[in-house]
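Please model the entire structure based on the sequences and the hints provided.
Its first residue numbered 8, the sequence shown is counted upward by one per residue in my numbering.
Only true hints are included.
Okay, the calculated beta carbon distance ranges per label pair:
{"no.": "1", "residue 1": "ASP103", "residue 2": "THR41", "range": "27 to 35 Å"}
{"no.": "2", "residue 1": "LYS29", "residue 2": "ASP85", "range": "18 to 26 Å"}
{"no.": "3", "residue 1": "ASP9", "residue 2": "LEU100", "range": "21 to 29 Å"}
{"no.": "4", "residue 1": "THR99", "residue 2": "VAL124", "range": "17 to 25 Å"}
List time: in silico DSS-like cross-link candidates among lysine-lysine, alpha-carbon distance up to 25 Å:
{"no.": "5", "residue 1": "LYS29", "residue 2": "LYS10"}
{"no.": "6", "residue 1": "LYS18", "residue 2": "LYS43"}
{"no.": "7", "residue 1": "LYS102", "residue 2": "LYS10"}
{"no.": "8", "residue 1": "LYS18", "residue 2": "LYS104"}
{"no.": "9", "residue 1": "LYS104", "residue 2": "LYS122"}
{"no.": "10", "residue 1": "LYS58", "residue 2": "LYS43"}
{"no.": "11", "residue 1": "LYS18", "residue 2": "LYS29"}
{"no.": "12", "residue 1": "LYS29", "residue 2": "LYS43"}
{"no.": "13", "residue 1": "LYS102", "residue 2": "LYS58"}
{"no.": "14", "residue 1": "LYS58", "residue 2": "LYS122"}
{"no.": "15", "residue 1": "LYS10", "residue 2": "LYS58"}
{"no.": "16", "residue 1": "LYS122", "residue 2": "LYS18"}
{"no.": "17", "residue 1": "LYS43", "residue 2": "LYS122"}
{"no.": "18", "residue 1": "LYS58", "residue 2": "LYS18"}
{"no.": "19", "residue 1": "LYS122", "residue 2": "LYS10"}
{"no.": "20", "residue 1": "LYS104", "residue 2": "LYS58"}
{"no.": "21", "residue 1": "LYS102", "residue 2": "LYS122"}
{"no.": "22", "residue 1": "LYS58", "residue 2": "LYS29"}
{"no.": "23", "residue 1": "LYS18", "residue 2": "LYS102"}
{"no.": "24", "residue 1": "LYS104", "residue 2": "LYS10"}
{"no.": "25", "residue 1": "LYS10", "residue 2": "LYS43"}
It should be emphasised that the hints constitute simulated quantities derived from the structure, not laboratory data.
Only a predicted model underlies this, so the values are computations on that prediction, with no experimental measurement involved.
Even glycine gets a Cβ: it sits at the ideal position worked out from N, Cα and C.
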Amino acid sequence: MDKPVLLNNCKGRPHATLFGPKAFYDLNTHGVQTRKATDLRVGRVCIVAQKPDDQDMVQLDRYSFEFERLMADPEFGDDVRVMFGELLDSETLPKDKAASRSLYSALFNVNGDFKQVAVVEN
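Structure follows, in C-alpha cells:
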C-alpha cells in the first residue's frame, strides 16, 4: 500500500470555496509543482496540513483522492491542477506533536515549523 501524500496548505487556501465541493488542494501548472503529485491513483490517501486560528495547532485532513481537474484559479487567474476527493477524517494536534509523529514529520523542519514545500511524497 502506498504511503499518504502530504500536502502543505499553511497559507489556508479555501479549496472547496474556490473550486467547488470535494476540492481539497491545488498545485501550480508551472515551476517545481508541475512534477509533484502526478499520476495519483483513485483511492490514494492525501493528508492536507493547515493552520487553524490557533497558530500552535495543526489541522490534518485525510482525503481519498478521486480525480484532478485543470481549472482557472479565481484568486490569481492562472490555471492550476485541482485535486478532488472524499474527506475521510480530520484531527487537530499541537504543532510539536504533529512534527514528532512519523506520519507527519516530513512536513516540518527541525524547529517544528512548516517546511516551505507544497508536497511530500514518501
